[in-house]
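Under UniProt numbering, think of the first position of the sequence shown as 1, with each following residue one higher.
Hints in this document: simulated from the structure, not taken from any laboratory.
None of these values were measured; they are calculated from a predicted model.
For every residue, glycine included, the Cβ atom is placed at its ideal position computed from N, Cα and C.
Among these hints, one or two may not hold up.
Derived lysine to aspartate or glutamate pairs resembling DMTMM-like cross-links, with alpha carbons at most 20 Å apart [said to hold, decoys possible]:
{"hint": "1", "residue 1": "Lys251", "residue 2": "Glu286"}
{"hint": "2", "residue 1": "Lys345", "residue 2": "Asp92"}
{"hint": "3", "residue 1": "Lys413", "residue 2": "Asp403"}
{"hint": "4", "residue 1": "Lys251", "residue 2": "Glu301"}
{"hint": "5", "residue 1": "Lys534", "residue 2": "Asp403"}
{"hint": "6", "residue 1": "Lys345", "residue 2": "Glu655"}
{"hint": "7", "residue 1": "Lys251", "residue 2": "Glu294"}
{"hint": "8", "residue 1": "Lys252", "residue 2": "Glu234"}
{"hint": "9", "residue 1": "Lys223", "residue 2": "Glu201"}
{"hint": "10", "residue 1": "Lys534", "residue 2": "Glu201"}
{"hint": "11", "residue 1": "Lys413", "residue 2": "Glu367"}
{"hint": "12", "residue 1": "Lys161", "residue 2": "Glu212"}
{"hint": "13", "residue 1": "Lys345", "residue 2": "Glu234"}
{"hint": "14", "residue 1": "Lys215", "residue 2": "Glu186"}
{"hint": "15", "residue 1": "Lys566", "residue 2": "Asp512"}
{"hint": "16", "residue 1": "Lys682", "residue 2": "Glu378"}
{"hint": "17", "residue 1": "Lys413", "residue 2": "Asp387"}
{"hint": "18", "residue 1": "Lys413", "residue 2": "Asp358"}
{"hint": "19", "residue 1": "Lys223", "residue 2": "Glu234"}
{"hint": "20", "residue 1": "Lys251", "residue 2": "Glu266"}
{"hint": "21", "residue 1": "Lys161", "residue 2": "Glu367"}
{"hint": "22", "residue 1": "Lys252", "residue 2": "Asp282"}
{"hint": "23", "residue 1": "Lys161", "residue 2": "Glu532"}
With beta-carbon atoms standing in for the labels, derived distance ranges [to be verified]:
{"hint": "24", "residue 1": "Gln652", "residue 2": "Pro67", "range": "34 to 44 Å"}
{"hint": "25", "residue 1": "Pro572", "residue 2": "Glu126", "range": "47 to 57 Å"}
{"hint": "26", "residue 1": "Gly435", "residue 2": "Thr743", "range": "29 to 39 Å"}
{"hint": "27", "residue 1": "Pro572", "residue 2": "Thr513", "range": "22 to 32 Å"}
{"hint": "28", "residue 1": "Leu615", "residue 2": "Val749", "range": "24 to 34 Å"}
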Amino acid sequence: MSSESLNVIALISGGKDSFFNLLHCIRHGHRIVALANLFPAVDGTTDCAEDDLNSFMYQTVGHEVIPLYAAATGLPLYRMPIRGGALHHERDYDYTSQEQGDTSDKAEETESMLLLLKAIKARHPEANALCSGAILSTYQRTRVESVALRLGLTPLAFLWKYPVLPSPAGEAVDDAQLLRDMAAAELDARIIKVASAGLDEGHLWERVSSIEGVKRVKSALRKFGAAEGAALGEGGEFETLVVDGPSWLFKKQISVPEGGRRVVNEGGGSTWLMLRGAQLQDKCIEADNVSTPESSVRTPELLDSGFQTMLDTIISTRPTKYGENEAPGNLRPRNLGSTISSTLKEDDGFLRWSVLADPSADRTSIEAEMQSVVSQIEGRLSSSSLDAAHITNTTIILRNMADFPRINAEYGKLFRRPNPPSRVTISCGELLPPGCNVMVFLTIPRSGANLARNGLHVQSRSYWAPANIGPYSQAIDVAVSAKVEQTGLRAIYIAGQIPLIPSSMTLPPPSDTSFGMQVVLSLQHLWRIGLEMKVQLWTSGVAYFSRSASPDEMKRNATASGLAWKLAHGSPDDDDDDENDVDIWDLKYNYQHMTLASDQRQVRARLPDWTVFTLRQQNEPESCIAPFFAAEVEELPRQATVEWHAHVGLSQIEEGSAEIIYHPDTASSCWRAWHVFVRSSKATLVYTTLARVSPLDHDIVSWDALQQELAASYESSVQVLGLAPPAPNATPHLAYVEVGSVTALWPEVGDAGPSVPFATIPCHTIWSAKGERIKCVAMYQASLELHSEE
């Protein structure tokens with residue numbers, strides 16, 4: 001599947017990032033139809049200001065040179081003054097709080113962009129995309145995305161998270177790789193403002209997009225410490241002006257005479273150049289030395305080195321018995337401190353709802369059926385004194401994936417604010433209850449719990465991970481409560497990840513290795529989002545697969561994905577042989593290694609974060625791998641082969657306070673249990689996964705009988721740990737069931753229709769990481785109530 005060519009409006013500030021992103025748009029075959037710029041207004045005129053506007057949103061220093069870009073590039077340029085200011089300082093932008101069309105000084109400055117782009121679209125109705133130079137700033141990216149999507153423009157931010165993307169093959173990790181790539185692309189970007197204790201007036205007009213410029217900037221900044229992106233100016237350390245670029249974009253170059261560069265000392269360490277007398281100059285281009293977008297603009301490799309190694313391993317191995325992350329030897333007595341006993345409490349601070357259309361709903365129309373589901377969700381929210389903006393994650397199960405666009409339109413009406421819940425979408429075909437075409441399961445904090453949350457909702461195309469355009473976020477991060485009291489831990493719910501190539505939002509092309517690529521690429525998306533959200537460990541994971549041709553094929557799918565899951569976890573020793581790492585002595589005394597990149601290598605995040613496990617368990621790294629299984633459903637979005645989902649990610653875990661314990665049920669060899677213990681100062685959380693392995697004859701039991709067996713196995717598994725279980729017949733919050741192994745999965749309850757008391761995902765087959773057939777997987781979440789000695 002190839003990506004379509006887009007007609008792009010390029011939002012430019014004059015700075016290096018907006019122009020370099022423009023180059024990447026051309027590199028991907030997109031057509032630039034216009035340049036767009038917002039400049040500072042002074043007393044209603046376009047006269048140059050003596051003070052930099054210091055906008056949160058827009059670069060304005062150097063704006064007097066912007067008009068020359070039209071003739072320099074041959075592209076039409078449209079400009080408007082910035083009206084208003086930064087009235088809303090939240091990281092994520094909620095445009096609904098703005099009064100539309102307000103152009104007064106009291107307006108939000110972001111809305112100036114909307115007016116400009118509307119005017120450009122009137123001149124260029126073919127425009128269907130917008131590019132901008134966001135690298136690490138969520139503040140800027142979310143505002144550009146808000147405006148773009150309101151106008152029907154696809155946002156393109158190819159530089160997003162560029163510092164964490166793979167460096168060129170064979171080269172050391174460098175946090176300034178972006179600047180080096182700009183130099184290779186012949187982009188001439190000059191520093192025109194500095195606002196850092198490490199940079200001073202002597203760095204003004206430095207060509208930062210050069211090897212020497214990179215060295216000078218990093219050398220200056222290292223003396224004062226540096227945050228992520230400092231070497232790129234992402235923290236406001238410096239701002240730039242592009243005066244030239246590759247000949248396939250810049251037909252002429254911009255020259256500013258030395259006498260026209262006046263230094264303005266703004267105070268507080270901020271110094272910038274006011275530019276006068278800028279003019280265009282012809283370029284001397286040698287015919288035998290003409291670059292092309294393909295030859296000069298490097299695109300980062302699709303896979304990180306670790307995931308590329310994983311792919312190579314999967315391709316060279318056809319695993320038939322792999323993934324034994326179960327570790328029976330890890331069953332140990334629990335040390336619960338000075339306690340007599342401990343009891344599991346199921347109340348974890350969340351409500352979990354299973355929602356089907358009302359029995360009286362019109363089921364001949366999928367829109368009407370979904371409207372009934374949405375109406376019921378709204379009713380439950382209202383009666384619980386909650387709002388749709390509080391929902392953390394949803395699972396949508398469809399009978400027909402072709403219905404997804406119409407269902408999505410109705411579902412999206414629930415959400416009007418930034419950062420909608422994360423979401424998993426699958427199709428289970430005829431496995432759904434008779435007459436039911438859609439089921440929705442959702443999780444939401446109880447009223448009275450801490451409802452504050454963080455979200456990651458990247459809607460721009462990039463090289464990092466797939467864009468989520470629509471009513472779902474990549475991830476939602478919320479506080480974890482135990483009996484409404486905060487535990488200090490955070491739970492991260494990440495959307496299901498399918499193997500889309502982020503820059504094109506298409507699946508990898510068919511090939512002999514496309515299966516392995518889909519498994520690894522989608523797992524890399526999960527890991528990148530997890531790292532961005534500071535996940536330290538997963539409680540469990542599943543790989544959904546679309547309907548397979550045979551059980552043997554599905555078994556191979558399961559074992560391959562189980563191998564990928566294991567390899568992604570790695571071990572505590574993975575970094576020991578990293579040839580790019582240096583000794584502590586080098587970092588302190590060796591000038592060659594006293595760089596920001598070296599500092600960042602020492603503190604880069606890991607997933608899992610091995611320090612959170614007990615020392616005893618760190619010495620048995622395979623015992624630290626969260627439980628995994630593979631589920632065969634009917635179909636996945638975009639006709640993908642696989643969709644990865646990690647059920648819960650946890651963060652803010654203290655060192656040595658987590659442990660994963662596996663054991664088979666003592667009462668039955670068919671049941672296996674994993675308990676993930678995470679301690680905090682206020683509570684101990686227990687995430688339990690139970691799997692019921694099917695005998696070879698695939699015996700069939702009733703769903704009621706299986707639930708009773710499940711409850712008994714859960715009680716037995718926690719008693720083995722010396723814990724008192726919760727009330728009899730504890731209910732899982734999520735279960736996967738092999739439909740062919742049970743009867744009466746969806747019992748009718750009078751006129752109320754099918755009974756779905758908890759989230760139940762019907763599957764054609766379920767498999768362990770080592771290729772065993774599984775009848776049922778169930779998940780519980782509880783906290784420990786400790787009873788102190790008197």
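The hints, checked one at a time:
The suggested pairing of Lys251 with Glu286 holds, with an alpha-carbon distance near 13 Å, which does not exceed 20 Å. The suggested pairing of Lys345 with Asp92 is violated, with an alpha-carbon distance near 36 Å, which exceeds 20 Å. For a cut-off of 20 Å, the pair hint linking Lys413 to Asp403 stands: about 16 Å separates their Cα positions. Of the supplied pair hints, the one linking Lys251 and Glu301 is violated, its CA atoms being roughly 30 Å apart against a limit of 20 Å.
For the suggested pair Lys534 and Asp403, the alpha carbons sit about 35 Å apart, so the restraint of at most 20 Å is broken. Restraint check: the Cα-Cα separation between Lys345 and Glu655 comes to about 24 Å, which exceeds 20 Å; the hinted pair is violated. The suggested pairing of Lys251 with Glu294 holds, with an alpha-carbon distance near 18 Å, which does not exceed 20 Å. For a cut-off of 20 Å, the pair hint linking Lys252 to Glu234 is broken: about 28 Å separates their Cα positions.
Only pairs whose Cα atoms come within 20 Å are accepted, and Lys223 paired with Glu201 is accepted, the gap being roughly 17 Å. At most 20 Å may separate the alpha-carbon atoms for a hinted pair to count; Lys534 and Glu201 exceed this at roughly 37 Å. Proposed proximity of Lys413 and Glu367 is supported: the alpha carbons are some 12 Å apart, at most 20 Å. Under the criterion of a C-alpha separation no larger than 20 Å, the hint pairing Lys161 with Glu212 is inconsistent with the structure, at around 24 Å.
A threshold of 20 Å between alpha carbons decides the hint, and for Lys345 with Glu234 the separation of about 46 Å lies outside it, so the pair is violated. Restraint check: the Cα-Cα separation between Lys215 and Glu186 comes to about 17 Å, which is no more than 20 Å; the hinted pair holds. For a cut-off of 20 Å, the pair hint linking Lys566 to Asp512 is broken: about 23 Å separates their Cα positions. Of the pairs offered as hints, the one joining Lys682 and Glu378 is violated, with about 33 Å between alpha carbons and a cut-off of 20 Å exceeded.
Straight-line distance between C-alpha atoms of Lys413 and Asp387 comes to about 13 Å, which keeps the hinted pair within the 20 Å bound. Proposed proximity of Lys413 and Asp358 is supported: the alpha carbons are some 18 Å apart, at most 20 Å. Under the criterion of a C-alpha separation no larger than 20 Å, the hint pairing Lys223 with Glu234 is consistent with the structure, at around 18 Å. With a CA separation close to 35 Å, the supplied pair Lys251 and Glu266 exceeds the 20 Å bound.
For the proposed pair Lys161 and Glu367, the alpha carbon gap of about 38 Å is over 20 Å, so the pair is violated. Under the criterion of a C-alpha separation no larger than 20 Å, the hint pairing Lys252 with Asp282 is consistent with the structure, at around 5 Å. For the hint linking Lys161 to Glu532, the alpha-carbon distance of about 10 Å falls within 20 Å, and the restraint holds. The hinted window of 34 to 44 Å between Gln652 and Pro67 is violated, with their beta carbons roughly 50 Å apart.
A hinted range of 47 to 57 Å holds for the C-beta pair Pro572 and Glu126, which are about 54 Å apart. For the pair Gly435 and Thr743, the beta carbons lie near 18 Å from each other, so the given range of 29 to 39 Å is not met. The given range of 22 to 32 Å is respected by Pro572 and Thr513, whose C-beta atoms sit roughly 30 Å from each other. The given range of 24 to 34 Å is broken by Leu615 and Val749, whose C-beta atoms sit roughly 51 Å from each other.
Violated hints, listed in ascending order, are 2, 4, 5, 6, 8, 10, 12, 13, 15, 16, 20, 21, 24, 26, 28; each of the other numbered hints is respected by the structure.
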